[in-house]
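**Q** Sequence:
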Amino acid sequence: MSNTVENRRVSRIAALILLGIAIAYGAGGATIEYAFSSDPLGPRAVPVMLAALLAGLSLLYLVWPGTVEAIPAGPALLRVLAIPAILALSVALFEPLGFAGSTFVLTFGAALVFGAPLKHALIGGVLQTLLWWTVFAYVLQVYLPTGSLFG
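Residue numbers (this note's numbering): 40 to 190.
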């Protein structure tokens with residue numbers, strides 16, 4: 040099998056994996072329940088929109104595969120796999136920890152994966168959580184759940 044055919048096959052497999060992640064993330068986001076909201080957008084809109092974006096891009100990649108220079112191995116492969124795992128964890132923790140807790144898990148975990156020192160990851164996670172809370176709660180006026188553990 041030629042290298043070009045193999046690269047396209049790997050690209051299509053990656054696109055299918057990303058499509059599966061998008062479907063799972065969108066399904067998880069669509070199940071988010073909240074007590075009340077006068078806004079039709081609500082807290083489930085962001086994960087559903089991100090899932091739709093990822094699904095659309097993965098479908099494009101499935102139809103027009105790119106080339107693969109090198110398949111990651113070892114620590115690089117672990118970093119590649121860690122991001123969807125952290126994303127899934129943040130979706131799973133949304134109900135018990137609420138928006139702030141799951142956003143912190145996502146931003147803190149992603150910072151660690153991308154090589155930030157622990158102190159910087161903590162500070163960045165807190166600051167990004169506060170930023171996104173402010174944007175959604177005060178600028179967009181979207182009700183953000185506090186989580187079942189906090190009331």
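Heads up, a few of these hints could be off.
Said to hold, decoys possible - Each pair of labels, with its calculated beta carbon distance range:
hint	residue 1	residue 2	range
1	Ile162	Leu120	35 to 45 Å
2	Gly105	Leu161	17 to 27 Å
3	Ile162	Leu101	34 to 44 Å
4	Val178	Leu116	36 to 46 Å
5	Phe189	Ile162	15 to 25 Å
6	Pro111	Gln180	35 to 45 Å
7	Val178	Trp103	30 to 40 Å
8	Ala112	Tyr182	21 to 31 Å
9	Ala109	Ala176	40 to 50 Å
10	Thr185	Asn46	18 to 28 Å
11	Leu89	Ala115	18 to 28 Å
12	Asn46	Val165	35 to 45 Å
13	Ile162	Ile110	30 to 40 Å
14	His159	Trp103	17 to 27 Å
Read the hints as simulated data drawn from the structure, not as lab findings.
Built from N, CA and C at the ideal position, the CB exists for glycine as well.
**Q** All the hints need checking, so say for each whether the structure fits it.
**A** Right, here's what the structure says about each hint:
Checked against the given bound of 35 to 45 Å, the beta carbons of isoleucine 162 and leucine 120, roughly 26 Å apart, lie outside it. Taken as a hint, the range 17 to 27 Å is violated for the pair glycine 105 and leucine 161, whose Cβ atoms sit roughly 36 Å apart. For isoleucine 162 paired with leucine 101, a C-beta distance near 39 Å keeps the hint of 34 to 44 Å intact. About 38 Å separates the C-beta atoms of valine 178 and leucine 116, a value consistent with the hinted range of 36 to 46 Å.
For the hinted restraint 15 to 25 Å between phenylalanine 189 and isoleucine 162, the CB-CB distance of approximately 22 Å keeps it satisfied. Look at proline 111 against glutamine 180: about 42 Å separates their beta carbons, and that is inside 35 to 45 Å. With their beta carbons about 37 Å apart, valine 178 and tryptophan 103 fall inside the hinted range of 30 to 40 Å. In this structure the supplied range 21 to 31 Å is violated for alanine 112 paired with tyrosine 182, their Cβ-Cβ distance being about 44 Å.
Roughly 43 Å separates the CB atoms of alanine 109 and alanine 176, a value that falls within the hinted 40 to 50 Å. Range check, threonine 185 to asparagine 46: Cβ separation about 47 Å, and the 18 to 28 Å hint is violated. Checked against the hint of 18 to 28 Å, the pair leucine 89 and alanine 115 passes, with Cβ atoms roughly 24 Å apart. At roughly 41 Å, the beta carbons of asparagine 46 and valine 165 sit within the given window of 35 to 45 Å.
The hinted window of 30 to 40 Å between isoleucine 162 and isoleucine 110 holds, with their beta carbons roughly 34 Å apart. In this structure the supplied range 17 to 27 Å is violated for histidine 159 paired with tryptophan 103, their Cβ-Cβ distance being about 37 Å.
In this structure, the hints that do not hold are numbers 1, 2, 8, 10, 14, in rising order.
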